[in-house]
Every structure is written in C-alpha cells, then in structure tokens.
Amino acid sequence: MKRNTLLLAALSLVAGARAADLPAMWAERVKCTVAVEYVTQTELERRPTIAYGTVVDSDGTIILPSAAIDLRISPKQLRDFKVYLPGDPEGTPAEYLGRDAFTGWHFVRAGAAVRERLVPVTRFAGPGGPAEVGLADDVWGIGIRNKDEDFTPYILKSHVALLQLLPQRTAISQQEVAGPGLPVFDSAGRFVGIGSSSFGQTFLEFSSSDRGGSPVMLVNIEESSAFLVASEVLPYVGRIPKNPFGRPLAWLGAYGLEPMDREVASFLKLQSQSGAVVSEVLEGSPAEKAGLKAHDIVLGVDGKALPRFKPDRVVVDYIERLIAARLPGDTMTLTVLRGTASLDLKAELAEEPRLVREANRVYFERIGFTAREFVYGDAIARHSKTGDLTGVVAHLVKPNSPADIAGLRPDDWIKEIDGAEVKDIDSALVTLAAIESDLLRKETVFLVRRGSDTAVLRIKLR
Amino acid sequence: MSGGFERLLDSVVRIDVREMNFEDGARRIDASIGSGVILSQDGLILTNAHVAGPKAVEINVTLSNLERVGARLIGWDHWTDLALLRINLDDVKRRGLTFKHADFGDSDKLYVGETVFAVGTPHGLTRTVTRGIISNNNRYFEDTEGVDGYETGNFNTWLQTDAAINPGNSGGPLVTDDGKVVGITSRAYLGANNLGFAIPSVTAKRIVAGLVRDGTITRSYVGIVPKALQDLEGFYDVATNTGVLVDSVEAGSPAAEAGLKAGDILLSVDGKKLDGRFPEELPPIQNMIATEPVGSSLAVTYKRSAREETVSLVTTRLESRMGEEWVSDTWGVGVRKVSRAYARENQLTGDTGVLVIGVQRGFPAEVAGLARGDIITRINDSPVASLDVMRTIDAAYAAKPTPTLLEVQRERRVSLVVLKP
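Protein sequence lines correspond, in order, to chains A and B.
Using the numbering used here, the first residue of the first sequence is number 21, and each one after it goes up by one.
Using the numbering used here, the first residue of the second sequence is number 933, and each one after it goes up by one.
Worth flagging that the hints you see were computed from the coordinates, not collected in a lab.
Values in this document were obtained by computation on a predicted structure and should not be read as measured data.
A few of these clues could be false.
Stated by the list, open to error - Examples of chain B residues toward chain A, derived with CB under 8 Å: (1) Gly1195; (2) Pro1335; (3) Val1349.
What the hints assert, rightly or not - No farther apart than 25 Å at their CA atoms in a straight line, the calculated lysine to aspartate or glutamate pairs in the DMTMM-like style are these: (4) Lys313/A - Asp350/A; (5) Lys462/A - Glu1165/B; (6) Lys1352/B - Glu152/A; (7) Lys1041/B - Asp1109/B; (8) Lys330/A - Glu152/A; (9) Lys313/A - Asp1313/B; (10) Lys1235/B - Glu1182/B; (11) Lys289/A - Glu1339/B; (12) Lys1352/B - Asp108/A.
All C-beta atoms in this analysis are idealised placements derived from N, C-alpha and C, irrespective of residue type, glycine included.
Model the full assembly from the supplied sequences, consistent with the hints where possible.
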C-alpha cells in the first residue's frame, strides 16, 4: 500500500513538471553546458578539436568525456583551450587541468570572464542525493550544434529502455538523448546523468546523386543514446587532477587481463563466478612483488568475489577501476586461482612508471624526426628488460626527410648514434643537437632495433 | 630453329597440382597449373617450389605429345624456389609413351642482351614460347614469405628477362636458342611490363644434385642478417670492397652466442675474404656459409671500432619460419606449428604452441571464439610442444567428446576457451 502511494506521488511530480514549462527549464539548464575547443600541436601540424562538456562547480570547472582527448597525445601538445557558451561564437581562454584515471574525465577550467554566466549542474541535483531513473522514465537532454552554427543548443527527448552495469550504471534510452559529455534531466528537471561517448546510433545514408547506389552506414557521434546515471557522476565531480598528467596514478602491473567466460568458469567448477586471466606480470611491479604469476585467474578483490557482467569483458574495466580509485601505497588483496589452488595475494600499489605521454621529446628538423625518451612502457612493448631503459625512440619521422629516406620508422628504438651507445634522452639530445647544428656534416649513422631485428641506417645530411 | 631447341620443346611439360590446404579450418583441395622441364630419361622434372611442394596430394604432368601421366615429389627447396618431381615410369612404360629431356646450359656465361626464350603453360596455354633478352644477369631479390609463406632468395641472385612471363609459366625453362636450360622461370612483377625472373642454372644444377641425393637441401645457419656496406666504408673505416656489414644478429643464434653484434664488419670466414659492398654480393656470401656442413666450426674475423677479432662459431641447421600444418576435423581448426624462427620473429618466449591458420564456421573451435592468428599454447594440462600433442587429444575427443580447455595467446593476451561437443 505504502509503495502505491509513493508511486502516485512520483506520478504527480512528473505531471507537475510537465505543467512547468519544459522550454524554460531547458533554457536554464543550457547554462550548465559548454563547447570546448583545443588545438593539438605536433611537429608538423596544428589540429583543432571540439568537444562538449558540463559545468560541475562554481569555479568554472568543466568535465569532458574520456574520448574528447586522445590519450596518446602528450598534454604538452594540447594548446589554446577555449570555452564557448552555447549560441555564442565568442570563445574565452580556458585551462586544461588533466585527466582523472578513475572516471576517465578530462577537467578544464573556464576563464574568469565567463564563469558567472555558467551554472553548475550540481544545482539541479535535487534534494536527497542523486536522482534515480527507472525503466520507461521520460528523460531529456541537451545537444550542441557545430562551431559554424555558433554552438546553438537544442533539446533531445527519449525514455529509458535499459539499465546496465558497464561497469558503471548506465541508462540506455530509445533514441539519442544528449551530446556525449552533456547532461540529461528527468521531467522534473532533475539532473539524472551525462551522455556517454560511442553510444551514437548507426544510420544509413543514401546518396542523393546516385539513387540506385548502396547506402553508407554512419554512426552518430554527436549525440548519444546512453548516459551515466547521476549516482556515477555527482560523487566524483570533485576529483580535479592536481596536474595535467593526472598523477598520482596507482599501479598494479598485471598486464593483459582477459575475461573468463561462462564456459570456462563451469569447466573450472567455478559455476557463476566471474574472473580475469592475467596474461603477464610486469617486471618490478607491485603485482610481481605480491607473487602474482602469469596465467593466474583473478576471482576476487579485497575478499569480495568479482561480480558477473554482461558482456563478460566488462569485468576487466571493473578491476581497472578498482585500481584507479586508489592511491599509490594503498593495498589491494587479490584472490586468484592458480591451477587448482586458491590464493590470497596482498599487493601494495605503486606509482605508475613514467608514461609515453609524459616522456621528454625533441624534434630535429634537419634530420627529420622526433627523439623521445624511452620509458618503462616502451620496454614492455618491445619484450625488453625494464632495467635497461637506454636508447631513445623515433616518435615521429617527417615524410621525405633524410631520416625517412634512410629508412627510420616511427617506434624504431635508436640504440647507437654514430657508433656510440645512447645512454639516455639527455645525452641523445646533446649528440643530436650537435649533429643538427653542424652544417658541414655529411651523414649520421643510427643503429636501431625494430621488433626482433636491428638495422644500421645511414642518414645522409648533405 | 636448332635441333636442340626442338628437342627442348619436347621436354617441357604442363604440371597440374592438387594440393591440400587447411586455411579454412577444413581439408580443402586447391588446383593449380604450372610448368616444368624433364631433365633425364629416368623422368626427373624440375619445376618451382611454389608449383609443387609438400602439400601436393596429386601431381599430373602433360607431356609434349599431350599425354597425361602421374608424377610424385622427390623434394623441394623453397629458398631457391625449386622442386624436383619424378614421372611415374611404370605408367610411361605400360602405355608406351615417350619423352625427351633437356640439358642445362651455363648461366654464368649469359650476357646482358642475349636472346632467351621462356617455354611453359601461361594461364594453362600449353607449350607457349615467348622470346626476350637477358635484362640483367645478377638481380638481387629476397622475400621472407615469397613461396607460399616460406622464405626465398637469400642464397641466390636471379636472371631478369623481358620474355613474357605470366602465371602458369612458373617452373618452365628459360633457354638459349640452342635449347639449353639457363634458368627456371619463377616470378614476374605484377602490374609491370616484361619484368620476369628466373633461377640461374648454376644454382639449379646444385639444387637438383642435392635433391636427387638427399630429397632435401640442408643448410648451415649462423644467424647473421647482412647488409651492403656501400657508402658506409668511411664511417666504419674500412677499405672499399672489404667486408660485409652485420645489420642484425638473431637472438639465440650461433652468431649471438659468439658475441657478434649489429654494426660489426665481417672481414673473412675461414680465411676467405668477404666483399659485400653491394646487395647483389650478399646472396653468394650467405650461400658460402649455408653450404658448409651443419655443425661446422667457422673462424669468423670481424672488425668492431678499431679492433679486429676472430671468433669461432658452430653452425646449426637452417630452419624455415613455416612449421608443419595440420587440421583437426573434429574441432574445425587448421593449425601450423610455431617454429623457432617464427617465435624469434614474433618475440614469443618459446616455440611451444600452434598457430591457428583457419577455423570452420559452426565447429567447436569457432564457437569457442578461436580465430586466425591465435596461438594455442596448452590443451587441458598439456603444453602443445608438438603437433602430436594436439593430434592425441583430438583423437581422444573424436572418440568421446568431452569439454576441453585451451589456453590461447592472442598478441600478448592470454585467454582460456572451452571446446564443447
């Protein structure tokens, strides 16, 4: 009986909201959204990108979805951040604060000039914690048009068709309900979630000129039909990174987790248990120190069995989020199956070794390539001992440059320059700068490692 | 036309090969057509390794009188792209068939511009003669997957001709106007005009002798990848036409164990001075080492910086990157044994395992999610050290299907899958 009453109360609230003017609610909530433009500046080009974000506090902090910025790009190459208010062609400079590993969000802060025109989405969180959505609930959200249309905002409406754990609780609506990174609200105007990336619907486009021709299948990347529910968003909006690299980053060092499917679980008499196979245990990592071995199957973390997800592979993200939620120095107990024995291994997480996007790099115009510091991940990728971080990586090779003509390829590991071993990036930069500035020099000879082979490359400079 | 040339025409055969392939995860027979030349009255036929190899299950040759007769493989050598067949002589005798044989000429005496003829079966057009000249008599060309995935060209240079060479010419002879075989036509550039290549007769003669004697060609391996020294003599401070550059030393090879490194300059082997200034000079140097008996101890003198040193290294047997293939009909999966060379090339930790080369739709392997490129490293509790391990378990499964656990490596990721009836 009590339950019925609650239901009735909810219905009347919805009805009340309908009566309230949806366009008016929309107009107020559009102030929670912005378009963010930034430039990726590489050695050879400047490439602008536009993403959409949601304002989360009164300091002008904006969150962008993980896919808004390519993780392989060094934050040092991200330039000229600008924030645009919907419908306004004038941009205001903004600052990139970094990416939070746990949520995957990029944080950007709008310049002081526009802050007072922004409204944090938390203002619409509603009383009593994050608003929940249920099946068939009507929801609406905001989309933003492109720069050539002055980022004009518009409204999208749908209803919740499915709720899934991926591993975060995600609502999937029948149609597109918001731009990726833009907020979704319920009929009462309460914030209920943020549009996810890569959940645009596919559609067929028929050519107008070639009427009998085959249609092209396209994916709508500007709008999403899925959103992370409010309870997966609001508790974490304060996770503003302390630096552009998102350090500190907790690191376990169990490489290549692969989900265990139901057939394998039942073969191993684990019934409905979920798990992940460890492909490799990285050298010197907390996982190695804890005694984890390649081919162990992780079944639980901190005494709790891993939940089952649909599809199976979501369990990998689940474990990675458990790690990302912690700090270096925190512990994590893994319950693993090794052969027929079940073991509990206690790992003390460490700071993640320097990443490729953090690596020092310098472009040498005359030779025609970028020398990049060789980091831990490079050694792993090359099946090499991580104790030996000598040499530098050819990060970029300029087309038709002397380096390109000599056969240098991106990702080549340069071990020797002119017959001398390359100790580290600093000494390599000194050597290369001397070569580059010696205009009388005819050639330089690199010894590079590529896969299982090496090659001697003569780079002709004159 | 010379009498020799007419005789040659009567020694050229069309070769129809049916071979077994496992790349769909099932036994599939593919048919192809090539050419060949009869070398002796006891019915030896020389052709290309990419025409007839160990996968052949049926070989038929069409003689110049258009009679068809069976043949079998004596041996092959993909490194030089040559294979040797023997005609079914009993059948020849019983049916009273006759054929002629051709003789080798000396490919070393060919001059650029000399007229040559290619005889063969292009696109199935039996006994087609095309004419051209020797365009180059010392062409360097090697390919790690050139003969159906097998390596080729490391130990010989090639004759280049503008005589029209088309698919089906493969294995046919390249001859001078007296009908002497100076080469075996092997390949042509697709999309180019009149750029054909043939294995020189000096190489072919040696390979034929080896295949007749042993059925196979055994070579020595040291694990050095050489590179031409041209333009680098100044950098390495060596006289022109001296030595060959070590571009790469293969991990775990005799050269690696002897301490040789990339960037070393090999000066001599067993006192024989080396000259690898140009790429064309590399195959003879490789061949010199390869023709040493397996297990030979070679005295290798090399230069590193200003220092010269001599080390001794013991050769091992050269192996191909391609392992033996097999198909499990019960699971619907075609596999190839991981070879040591393949493991090294792909930086695998060892040569345990079989590479999946094909899966059949709807069969247990495909249903469990296996795909081309996966490496099966363990089945139930047994590491897959050989194809026999898999054959044994497969036979037990075929007799009594029970769920079977496979450990699979995909790139560097390890996953478990269960095969079920």
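Compare the distance between the alpha carbons of Lys462/A and Glu1165/B with 25 Å, and conclude whether the hinted pair is satisfied. OK: Lys462/A and Glu1165/B at ~14 Å, within 25 Å.
Within 25 Å, alpha carbon to alpha carbon, are Lys313/A and Asp350/A? holds, 21 Å
Does the CB of Pro1335/B sit less than 8 Å away from some CB of chain A? Holds - the Cβ of Pro1335/B comes within 8 Å of chain A, reaching about 5 Å at its closest.
Is Lys289/A close enough to Glu1339/B, meaning Cα to Cα at most 25 Å? Holds - the C-alpha atoms of Glu1339/B and Lys289/A are around 17 Å apart, at most 25 Å.
Given the hinted pair Lys313/A and Asp1313/B, is their alpha-carbon gap at most 25 Å? Cα-Cα ~17 Å, so holds.
Holds or violated: Lys1352/B to Glu152/A, with C-alpha atoms at most 25 Å apart: Given pair Lys1352/B, Glu152/A is violated - Cα atoms ~43 Å apart, limit 25 Å.
Decide if the proposed pair is consistent with the structure: Lys1352/B and Asp108/A, CA atoms, cutoff 25 Å inclusive. violated, 61 Å
Can you confirm whether the C-alpha distance between Lys1041/B and Asp1109/B stays at or below 25 Å? holds, 14 Å
Proposed interface contact between Gly1195/B and chain A, which counts if any beta carbon pair is under 8 Å: At about 5 Å, which falls below the 8 Å cut-off, the nearest Cβ of chain A leaves the hint on Gly1195/B intact, so it holds.
Lys1235/B paired with Glu1182/B [C-alpha distance capped at 25 Å]: Given that 25 Å is the threshold and the Cα spacing comes to 19 Å, the pair holds.
Is Lys330/A within 25 Å of Glu152/A, Cα to Cα? OK: Lys330/A and Glu152/A at ~21 Å, within 25 Å.
With a cut-off of 8 Å on the beta carbons, see whether Val1349/B makes it to chain A. holds, 7 Å
Checked against the numbered hints given earlier, this structure breaks hints 6, 12; the rest are met.
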